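Enquirer: With the hints as constraints, model all of the structure from the sequences given.
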Amino acid sequence: MSPQGTAHREGIDSLTGAAGLARALRTHEVDAIVGVRDIMFVRLKQAEDELESSRNQLRALTAHLLSVRDSERVAIARELHDEFGQALTSLQLGLAWLARNVKPAQKPLLTKIGALSDATTSLIRSVKNITVELRPGALDELGLAKTLKSSAREFEGSAGIPCGFRTNTAGATFDRPAAVAVYRIVQAALTNVARHARASNVTVALMKRTYDLVVTVRDDGKGISRKLIDSQNSLGIIGMRERTVALGGTFTLASSRSNGTLLTARIPLSRVVIGPATAA
Amino acid sequence: MTTRGGKRRIAQAGRDTTPAPDTYVFQLFVAGDEPNSALALGNLVRICDAHIAGRYEIHTVDVLKNADAAYKHNVIVTPTVILTRPLPSVTLFGTLRDPAQVLAALRLTGAR
Ligand SMILES: Nc1ncnc2c1ncn2[C@@H]1O[C@H](COP(=O)(O)OP(=O)(O)OP(=O)(O)O)[C@@H](O)[C@H]1O
Ligand SMILES: [Mg+2]
Chain A
156 MSPQGTAHRE GIDSLTGAAG LARALRTHEV DAIVGVRDIM FVRLKQAEDE LESSRNQLRA
216 LTAHLLSVRD SERVAIAREL HDEFGQALTS LQLGLAWLAR NVKPAQKPLL TKIGALSDAT
276 TSLIRSVKNI TVELRPGALD ELGLAKTLKS SAREFEGSAG IPCGFRTNTA GATFDRPAAV
336 AVYRIVQAAL TNVARHARAS NVTVALMKRT YDLVVTVRDD GKGISRKLID SQNSLGIIGM
396 RERTVALGGT FTLASSRSNG TLLTARIPLS RVVIGPATAA
Chain B
22 MTTRGGKRRI AQAGRDTTPA PDTYVFQLFV AGDEPNSALA LGNLVRICDA HIAGRYEIHT
82 VDVLKNADAA YKHNVIVTPT VILTRPLPSV TLFGTLRDPA QVLAALRLTG AR
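These protein sequence lines are chains A and B, in that order. For the first sequence, this note's numbering gives the first residue as 156, with consecutive numbering after it. For the second sequence, this note's numbering gives the first residue as 22, with consecutive numbering after it.
Hints were generated in silico from the structure; no laboratory data involved. Note that the structure is predicted; figures quoted are calculated from it, not measured. Some clues are possibly wrong.
To be verified - Computed beta-carbon distance windows for the label pairs:
1) A:193 <-> B:70: 18 to 26 Å
2) A:369 <-> B:70: 52 to 60 Å
3) A:214 <-> B:89: 32 to 40 Å
4) A:365 <-> B:70: 31 to 39 Å
5) B:93 <-> A:409: 54 to 62 Å
6) B:42 <-> A:214: 57 to 65 Å
Note that beta-carbon positions come from the ideal geometry of N, C-alpha and C, so glycine has one too.
Expert: Structure below.
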């Protein structure tokens, strides 16, 4: 058959007859179906496109909100540390000066000054705690793996539940947004375990695979119902999922009454930018 | 609907015209200005202008206004285009987005 003949056959096959009709329907090239009594519009593709684009917009918005929230947190932490922390420190110094310069006749003032000084000390401590909570500075100093390890240890102390930690990324440095996301996911997951799971064991793992960085938090508690996992009100879970998706990853919660809960967040390595320390 | 250089004649449904013997006559069934219908018309016009300029007529039939014509020609979806002349007639479905396939189906390959 000549090349022209071949083209002819293909044209006929793909555009005419039953095959042509099927192809047009399959590729969404049809916009109305003419019935015996009425004409039905077919706007599937359009609806799909609109759905997809609004879904993408929602994703972008969430990612934006999360990053705004993180940078706000950093800004607030800096303000708190620099402004409030400084002010409290000079207040503390002022009180110490007063205490030193109180005349014997004004002795009763000393007790008052001592109480104010104690209050100031505890304010300074809470500002420091808030700063740490807002801006996980440990992430920068220790790196992700060590920070998670210390989170696990803190969790054991506060929740009283043994919490193991495994990783194959020791010494690696991660892109800060990815590290912050993973850190917050693990924090939220551990808080959930402490608050809801009634578990007797928890394991956190941060594993580098060929293509992904995989974070898991597994507990042997009572499990979560599918309904709660998918609920629009589970803002903690939605937040974890959106943090993962914002990094191009996937998030799953698998749960059963007998096996507890397994949270898995997979983030493509390309979005995590692991430093040269793990080039091995 | 705009007409370029008077080469193209787009007749409305129902109007009876007697085409010249070498003229290609198409019936294009559309549903109002739904997107696929509009695409099909645009693509058909472009292909005709490129290959049989001045030798074609496109009769558009809006099935929303003229459902009877659709029933009569057994048209069940839009867009559908029927080449009614020269015979044998050919019926094509979809937006006609692949010019090579359309040309082949309409026996226009090399008809320049
Ligand atoms: N590890 C878990 N084990 C058992 N149930 C859990 C676990 N994690 C979450 N849940 C259940 O899923 C629900 C939704 O969790 P989510 O983190 O979204 O919200 P929350 O912890 O109730 O509130 P928030 O995190 O916003 O402070 C929880 O209320 C709890 O019932
Ligand atoms: Mg929670």
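Enquirer: For each hint, tell me whether it holds in the structure or not.
Expert: Structure-based check of all given hints:
Taking the beta carbon of each, residue 193 of chain A and residue 70 of chain B are about 35 Å apart, not inside 18 to 26 Å as hinted. Distance hint for residue 369 of chain A and residue 70 of chain B: a CB-CB separation of about 57 Å, consistent with the stated range 52 to 60 Å. Separated by about 48 Å at the C-beta atoms, residue 214 of chain A and residue 89 of chain B break the suggested range of 32 to 40 Å. Between residue 365 of chain A and residue 70 of chain B the CB atoms are about 54 Å apart, so this pair departs from the stated range of 31 to 39 Å.
For residue 93 of chain B and residue 409 of chain A, the Cβ-Cβ distance of about 59 Å falls inside the hinted range of 54 to 62 Å, so the restraint holds. Evaluation of the 57 to 65 Å hint for residue 42 of chain B and residue 214 of chain A yields a pass: the beta carbon distance comes to about 60 Å.
Going through the hint list in order, the structure does not satisfy hints 1, 3, 4.
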